[in-house]
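Visitor: Following the hints, put chain B in place on chain P, whose structure we already have.
Number of protein chains: 2
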Amino acid sequence: MEFKISKELIQEVKELIEVKNDHKLEVILNDIHHADIAEILDELDFDDATYIFKVLDSDKTAEILLELEDDLRENILSRLSPKEIAEELDELETNDAADIIAELSQEIKAEVISELQDVEHAKDIVDLLRYKEDTAGGIMHKELVKVNENWNVLTCVKEMRIQAENISRVHSIYVVDDEDRLKGRLSLKDLLTTSTKTAISDVYIRKLNYVNVDAEDVEVARIMQKYDLEAIPVVDELGRLVGRITIDDIVDVIKDEADQDYQLAAGISQDVEADDSIMELTKARLPWLVLALLGGFITVRVLGLFEGAMLEHGNLFFFTPLIAAMAGNVGVQSSAIIVQGLANDTLSGSLFNRLIKEVSLSLLNGIILASILFVGSHFFLDVEMVIGLIVTIALVSVIVIASLIGTFIPLLLDKFGIDPALATGPFITTSNDICGILIYFSIAKMILGF
Amino acid sequence: MEFKISKELIQEVKELIEVKNDHKLEVILNDIHHADIAEILDELDFDDATYIFKVLDSDKTAEILLELEDDLRENILSRLSPKEIAEELDELETNDAADIIAELSQEIKAEVISELQDVEHAKDIVDLLRYKEDTAGGIMHKELVKVNENWNVLTCVKEMRIQAENISRVHSIYVVDDEDRLKGRLSLKDLLTTSTKTAISDVYIRKLNYVNVDAEDVEVARIMQKYDLEAIPVVDELGRLVGRITIDDIVDVIKDEADQDYQLAAGISQDVEADDSIMELTKARLPWLVLALLGGFITVRVLGLFEGAMLEHGNLFFFTPLIAAMAGNVGVQSSAIIVQGLANDTLSGSLFNRLIKEVSLSLLNGIILASILFVGSHFFLDVEMVIGLIVTIALVSVIVIASLIGTFIPLLLDKFGIDPALATGPFITTSNDICGILIYFSIAKMILGF
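One line per chain: the protein sequences are P and B, in this order. Heads up, the final residue of the first sequence is numbered 450 in full-length UniProt numbering, and it's a clean run with no missing numbers. Heads up, the final residue of the second sequence is numbered 450 in full-length UniProt numbering, and it's a clean run with no missing numbers.
Keep in mind the hints are simulated off the structure, nothing from the lab. Check before you lean on any hint, since a few could be wrong.
[Said to hold, decoys possible] Away from chain P, derived, C-beta distances all over 10 Å, residues of chain B: (1) R79; (2) I100; (3) K123; (4) N150.
[To be verified] Quick look at which bits of chain P chain B covers, simulated, 3 or more residues with Cβ under 8 Å: (5) 33-44; (6) 227-237; (7) 274-282; (8) 307-320.
This structure is a prediction, so every number in the text was calculated from the model and none was measured. Backbone N, C-alpha and C fix where the C-beta goes; we use that ideal spot for every residue, glycine too.
This is chain P alone, in the form it adopts within the complex (with noise of 0.2 Å):
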């Protein structure tokens, strides 16, 4: 069940905002989700997607704000006041305005922070400003609701109802002391079944799980998967409750992490997207295309090395593209395995037991693969005897070298504390490309003496 948008709403929005009735615009909208209004803003022009912002009380606006496309909020940032835009920002959790900021240029971010009317809400905003934007602090929130260790049941429910009332999602209740340490957790089912006398100090769960403020985003995310989270308190170098993550936010940082992966080992080494700019898709794209391009001088010189073999063996030279193709392929199924397990910390079992489990896969598949070149070799590629048994050998050689240097390289690059998602796509392609095409002709020229 999902809001659909239609041509004719599109339209009518259109019409409405041409003819100015602001009136209709805002009875139309107003009962439609955020997401879904972004969704209709993206369709619209800018001027239009403005007009509609204005129209708009700052409270759906700001949602809205959110879930925008990148480029559209910026445009539509740059055509409000630092005032308007501190407005939308007193409407935000913390963690999302201070995000919204970090957008913004040096000059009007000053300004923005000047205009924010809630003192505190701006304090907790400038003060999630200072963490990096992959740690937990970078992430976290500051809206949770926390009890002294000291009140009783009664005190808490009352504490909480009115700190309840700026939080969409209660959790967990913490329990902190007096100079702000956390102490444990307090469960809302709890608070429902306690008499209100008791001292929250007897009631409180003193275990619980929570995560240092420097903490890495994706260690987070590995710990709330982990152990089933659905919020964890961020604490500072003293203890002190800091701020709250909650699952939403780590679905963010699985997915692009998960992206991420997926597009190094496409040979794309920033994050974009279809819809971004020329430029920014170069930046993305040229920097594994030269390093291809730099291997390949590397695979012609190769090749130039046995020019010899040409004027009598020059069909060797067709199946340079067949066994790089395999050696590079071959290169790209170990590496994304061996990352995949590194990322879901699923690895085990010592190196050496990994080297036999590679070398048997690889020497299986690469025996079958080379019957079947054999078969076709000479059914179908019309090649002489020699020649078939030169490509057949040498391709099962390559699969093996190939699935080794795919399995050890991102091994041996985690173990340097370096991303080993660098070591797939063009990376493994071209150097897989080198090694195979080397291996090929140096076993064609011992059996042919050229």
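Guide: Below, chain B without anything else, positioned relative to chain P:
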């Protein structure tokens, strides 16, 4: 802050198993989170792991069971009697229990079900078994809190306390009519702040998101992410409330989907892990390799067409792996960007605009790369000027064609309802190898006239 398994702990556990000190084992392990115990069991042999399983209480072992690696779980279950398995399942949430039953063999399945003690629970589990794995029905659970629209808040709170006993996370209270049809929802916070005599029909929220039991799991994931939901109710064809899906179920769907796209891009056709058996890994890896090999046959034939060039312009053949590699890399980049755009629903604009953009982008990239190649071929690769010119022109053409193939094949597949991710990895590299080589030698033939 995470529990780390030490070698000493593993050693201690092993020794306690050997001397059969069940009491001490229980004392140590009861203090450790079930997800961590699962990791400890992974380090033990099957016998020891099963031993621990029989020592601990079923409320703990049931949770451990869910966290185990597939092969260890299968092994442990095979050592338990149907009655023992049923005891584990009695402790689990309905969807987790149904997932485990689905893994059992047909004959044991029936026995296990007949041994389940809690009849209501058993009914729910059997009910879940009939839904397909990748639908809302396949990932939902039966645990939820629902109240009748005709009750008042007091009855509702009482009922809710009873129902909530078995539910770890309440999120929302669903409101149904006498026929069990979903009417709306109540928030826990609302209940805390409304007078007890109020009728439910006066306070519940009528607008809510829900999904049909047949909806695809990825679609549910998309809706929950879009509307930022922590739980969504599931209804049957008659609008009756049959289950609920929470965000932690969706995290798995999102992760699996991303992993699967990544594996397809790497030429792996099934969901495998590095620690799977050689047979499983071969089954996942061989199909695309065979396809790539057959594609390789075609490149051999294509090169054979241009044999005539070998005598005078043999060094043309040195460049085939370079051209093929660049075609493959560009194609993979383009297809990955489109596949992600389709998956994240961020593609906009007409096909014609996309064509113009892709051509401009690849021309820009192609010209930069071709310039490097032209200079390199002169100073580093040592070939005649005319050969340098040919590979330069060929590279630009090949990059443009490869990026068009990479862009439009996934779009085409998507149009026909085929997973566009199939058109990444080996499929794209292989077809681009063939096209690239054909274009390169055709240009050479035109210029050199062999």
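Visitor: Confirm or reject each hint.
Guide: Consistency of the hints with the structure:
1. For R79 of chain B, the condition that its CB be more than 10 Å from all CB atoms of chain P holds, with the nearest at approximately 21 Å.
2. The claim that I100 of chain B lies off the interface holds: its Cβ sits roughly 16 Å from the closest Cβ of chain P, which is beyond the 10 Å cut-off.
3. With a least beta-carbon separation of about 25 Å from chain P, K123 of chain B lies farther than 10 Å from that chain, consistent with its non-interface assignment.
4. No beta-carbon of chain P is positioned within 10 Å of the beta-carbon of N150 of chain B; the least distance is around 23 Å.
5. Check on the region 33-44 of chain P: 3 of its residues sit with their Cβ under 8 Å from a Cβ of chain B, so the three-residue criterion for coverage holds.
6. Counting residues of the region 227-237 of chain P whose beta carbon lies closer than 8 Å to any beta carbon of chain B gives 3, which meets the minimum of three for the stated coverage.
7. Evaluation of the coverage hint for the region 274-282 of chain P: fulfilled, as 5 residues show C-beta separations to chain B shorter than 8 Å, against a requirement of three.
8. Counting residues of the region 307-320 of chain P whose CB lies closer than 8 Å to any CB of chain B gives 8, which reaches the minimum of 3, so the coverage claim holds.
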